[in-house]
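S.K.: With chain R held as given, fit chains F and V onto it using these hints.
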Amino acid sequence: MAQSKTTKTTKTKTNSEDYLRMYRQMVRIRAFEDQANQLYLSAKMPGLTHMYSGQEAVAVGICEALNDDDRITSTHRGHGHCVAKGAEFKEMFCELLGKAEGYCRGKGGSMHIADQSHGNLGANAIVGGSMGIATGSALRAKLQGSKDVSVCFFGDGATAQGLWYEVMNMAALWKLPVIYACENNGYSEYTRTDEIAAGSILDRAKAFGIESFEVDGQDVLAVNELSAKLVERARKGEGPFFIELKTYRYHGHHVGDINRDYYRSKDEEAEWKKVRDPITNFGKWLESEGIASADELVAINDEVAADAEAAVKYALDAPYPPGEEVDMHVYKGIEHALA
Amino acid sequence: MPLDVIMPALGMAQDSGHLVAWHKSPGDEVAEGDVLFEVETDKATMEVEAQGAGYLTDVTAAEGTDVPVGQVIAKISDSPEGSGEAPAAAPAAEPAADAGGDGGDLPEGKDVIMPTLGMAQDAGQLVAWHKDLGDEVGEEDVLFEVETDKSVVEVPAGVSGYIAALLAEPGEDVPTGQTIAIVSAEKPENPVRRSAAAAAPAPAKAPEPEAKAEPEKKAPAPQQAKAPPKSPAPQADPGGKILASPKVRRLAMEEGLDLSRLVKAGYPQPYHVSDLETLRSLPADAATEAAAGGAAPARHLVAEIDPSALEDFVAWAGEAGLSDPGALLAGLAAAGLPGASGAVAVEAHGATRVFTVPAGGALGATEEAEAETSPDLLVRDLRGSPLTAVSLGPEAQPVLTLAGKGGTLSVTLECAASQLTASEAVDLLTAFAGRLDEPLRHLL
Amino acid sequence: MREITLSKAVNEALAEEMRRDETVFILGEDVAEAGTPFKVLSGLVEEFGTDRVLDTPISEPGFVGIGVGAALTGARPVVDLMFGDFLFLVMDQLCNQAAKAYYMSGGKLNVPMVLRTNLGATRRSAAQHSQSLHALVAHIPGLKVAMPSSAYEAKGLMKTAIRDDNPVVIFEDKLMYQDKAPVPEEEYLIPFGEANVKREGSDITLIGTSSMVQVAEKAAEILAGEGISAEVIDPRTIVPLDEKTLIESVKKTSRAIVIDEGHQSYGITGEIASRLNEKAFYHLDAPVLRMGAMDVPVPFSPALEDLTVPTPERVVEAARKLVSGELIHAA
Chain R
1 MAQSKTTKTT KTKTNSEDYL RMYRQMVRIR AFEDQANQLY LSAKMPGLTH
51 MYSGQEAVAV GICEALNDDD RITSTHRGHG HCVAKGAEFK EMFCELLGKA
101 EGYCRGKGGS MHIADQSHGN LGANAIVGGS MGIATGSALR AKLQGSKDVS
151 VCFFGDGATA QGLWYEVMNM AALWKLPVIY ACENNGYSEY TRTDEIAAGS
201 ILDRAKAFGI ESFEVDGQDV LAVNELSAKL VERARKGEGP FFIELKTYRY
251 HGHHVGDINR DYYRSKDEEA EWKKVRDPIT NFGKWLESEG IASADELVAI
301 NDEVAADAEA AVKYALDAPY PPGEEVDMHV YKGIEHALA
Chain F
1 MPLDVIMPAL GMAQDSGHLV AWHKSPGDEV AEGDVLFEVE TDKATMEVEA
51 QGAGYLTDVT AAEGTDVPVG QVIAKISDSP EGSGEAPAAA PAAEPAADAG
101 GDGGDLPEGK DVIMPTLGMA QDAGQLVAWH KDLGDEVGEE DVLFEVETDK
151 SVVEVPAGVS GYIAALLAEP GEDVPTGQTI AIVSAEKPEN PVRRSAAAAA
201 PAPAKAPEPE AKAEPEKKAP APQQAKAPPK SPAPQADPGG KILASPKVRR
251 LAMEEGLDLS RLVKAGYPQP YHVSDLETLR SLPADAATEA AAGGAAPARH
301 LVAEIDPSAL EDFVAWAGEA GLSDPGALLA GLAAAGLPGA SGAVAVEAHG
351 ATRVFTVPAG GALGATEEAE AETSPDLLVR DLRGSPLTAV SLGPEAQPVL
401 TLAGKGGTLS VTLECAASQL TASEAVDLLT AFAGRLDEPL RHLL
Chain V
1 MREITLSKAV NEALAEEMRR DETVFILGED VAEAGTPFKV LSGLVEEFGT
51 DRVLDTPISE PGFVGIGVGA ALTGARPVVD LMFGDFLFLV MDQLCNQAAK
101 AYYMSGGKLN VPMVLRTNLG ATRRSAAQHS QSLHALVAHI PGLKVAMPSS
151 AYEAKGLMKT AIRDDNPVVI FEDKLMYQDK APVPEEEYLI PFGEANVKRE
201 GSDITLIGTS SMVQVAEKAA EILAGEGISA EVIDPRTIVP LDEKTLIESV
251 KKTSRAIVID EGHQSYGITG EIASRLNEKA FYHLDAPVLR MGAMDVPVPF
301 SPALEDLTVP TPERVVEAAR KLVSGELIHA A
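Chains as they are written, first to last, in UniProt numbering: chain R, 1 to 339; chain F, 1 to 444; chain V, 1 to 331.
Just chain R, same shape as in the assembly (with noise of 0.2 Å):
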């Protein structure tokens, strides 16, 4: 199934067919962890992985907020960003497989990941590596008159990166048109976060004398409308904004990382997955206000998964890469970089 555009109204969302979009991205999101999470343990994928699963209506309610000019960065768990801002499973699960027709053509992997025509501007393996690389996109929107905006994706472990302060500063200073959007699903890698971060991380950003936002990461409509609020604001020059998302995620660190009690209880696991589930919720939200029933709920989780199984199974198939491609794409202008 061709995944519908995300050119859409910034408005925030008022009609089903909206609503429905936004299920049916956080859906997408699931999918494609569950297949990808399936892949590396059966030793099909390449590499190493992070599952984004449980953090879906942060990656849906803000890049739905977003159009196609808007830009992001994205993280080593970027599968989610990568899903919501437009990306196809194909090609998605071509690059995870590192086979040729991949979004990077192979040559990025699950840590770089990104369909860059829908203004995704990589994900980057570098904790709180691509603070830069967003605030510089808004400083050339700003520069140049354009009326995009860039986001931000980083997590609780990179608010210890001390770019981000830099940026941040230069941010304020200039009001650039970017929104750090800090997903705190709790844990920096294997650590919990109040073992790493001292005081309030809404308090840092607020320091700088950005306007600074705490949302429930798990509730999609509360994430999307907050971000649709502060895009408009941004586009205005009324930038920067910061927002700490509270979310959750169900697996490990990376997918091997599964035997956790030693930071994380299962207990605690359990109960997020059980009362704040953000596709369940808002599933049963969406059957409360009568825009779909449970029916019609499930008709889109199994067509999701086809999809999903289905662009598997391609990219199972699909080549990899001639090995003359090693050296394209070093340089640009130079087709090979050794010949």
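These are calculated hints, taken from the structure and not from any lab test.
From a predicted model like this one, the values you see are computed outputs, not experimental measurements.
Check each hint, because a few of them may be wrong.
[To be verified] Pairs of lysine-lysine residues, derived as BS3-like cross-links and limited to a Cα-Cα distance of at most 30 Å, are as follows:
(1) F:24 / R:274
(2) V:218 / V:159
(3) V:39 / R:142
M.R.: Below, chains F and V alone, put in the same frame as chain R:
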């Protein structure tokens, strides 16, 4: 549809996982999220949960074994009886002989191992089983045939009982020491048949880790490509390296020059392109030693004869059909060489010709040789020139020079001391001068 | 032809490119009214305003990262890194982000950014303001590295760097800012990857980068008086490197000395010497010599600092040995 239970890839750089323990037994009911088994990877033990609900069946990996990641090690089925289908991803695994037999738990009994029979043997090929599952077997009964060191050996069971497991298939190569059968005391209820590849890691008693039939998986170590042996270097190495630049080496090779001659001639190393000039001007090999050595002096002998006899002889020979005075000179000179034969160059009027003079041959047998032939002797005919005597120093071969005018012909022999001993030199010149003085004697 | 300082040449190049292309802007510490500590950029802010000549806080990783982001999305920033020594601060943004974006995105994103910085010792600035760290970035695929040797090169290479679609690091020698050279009034570009044969010769090739080109030229002058004919070549960019011109020269002269102000070990001199070794081996009549900065942190005391850099006298001494065929380092 049953759900595959796979050995998961969990570590950062992991090819296989060590199955530490099953938390469920075949046939047990499991719920999603139940801990199914423990895996050791990257030095940490992890509990792996069931991904769905059902019954654990078709267990193909035993505790204590290493399983490649991605391999199906069990299924979660809708019924405790299992799927009845072979686990797709288990390479070469065969289902147990009967549906109820599970491959995970081997029957109790005594191990029969692949014996080491040859002189230098680390595996044996199982040719055939002589007993089948459940058969009764005696200690002396032939249990299987094995091929090793090019001969087939029948191997007795060694123990009595019943065949409870056959853990290799005919045609398979099995590392020696690996258990290939289990003989139980009682008739087995769930005998097991497997290939050695699948069974290899199974017996916990496998004596050595090397015995595990895993190496097949490994890519063969890349063969070190050996450079073909080099042909001997054209120039002699006078013992020890010659220090010379890559460029001078290349140019010397292109021109066929031998850098070692610079060493012999005593020029100091390293050599560069500028030394090529010197190398080119060095006299040919043998003389080099004399010239450079200085220790062994050059020889210089002079005889004087009446030229008329030679002139008469040449005229006579011309009438007899031997019209080449060069060939005649060569023939006369060669008579003084050891064996009275060899290659003689005659240099006259600026041109050099080489003749070969066969042993004991008549004058007419002398033939002109290829220009490249290196002569044993050079005759330099300077008759008719204003020169009356020479002293040119040694050359690549001994040189006889004819010079003088009027009534006297001087014959000079010059050579390096290394080329001829003093008496050889005296003999050569005496013989040559004698023949020139009385050429007709030569014919006798 | 008029002669202008290297400083003025850089200033002209930036001004011309900023007039030509509105997406070009300058970003860095004290680049606007201050015009940098070396006053290279003086006057630009007056013409282009503070939107295009942007003073940043002292946040090197931050503003280099911002440069990368701006370049990724359609601007052509010239990021000013006040001292080459600060490269160590910006390694992630330059080497992990800028250098790799084009490759990791499979050719879909590129970073047309210039990082302008400097090198060079003997300014009595001690170990943290005197380094020549171009080898560090030349090691990273995806970055181009230009090393102007005079005002003429500084202008032509800067203009090419700004128009290049890849991240380019350009190193100016901070001791050469006031050195004058003939620079045409009319516009010109110097293509990357084209070495300049500054002086022709037949006995030995002296390959110098940046200010070491001047050292090589002085050495060649002295050698000429001794009857030794030295060819002097300035590669101008070390990535890409015009290997062909260097190899052709060495094939002719059979000898070479590579002179560079970076530390000798694991540096540019070793890289170039190695390529000559591999590709001109059978034409070498002597080992290719490396002559880099001494492998010590740059000392403060003039008495010590001057010992650490290659000088014309040392080049002459080495050239004499090579040409005379003296045994060099052969056991």
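S.K.: For every hint, state whether the structure bears it out.
M.R.: Evaluated hints:
Restraint check for residue 24 (chain F) and residue 274 (chain R): the C-alpha separation of about 26 Å stays at or below 30 Å, so the hint holds. Of the supplied pair hints, the one linking residue 218 (chain V) and residue 159 (chain V) holds, its CA atoms being roughly 28 Å apart against a limit of 30 Å. Distance check on the hinted pair: residue 39 (chain V) and residue 142 (chain R) sit about 27 Å apart at the alpha-carbon level, within 30 Å; holds.
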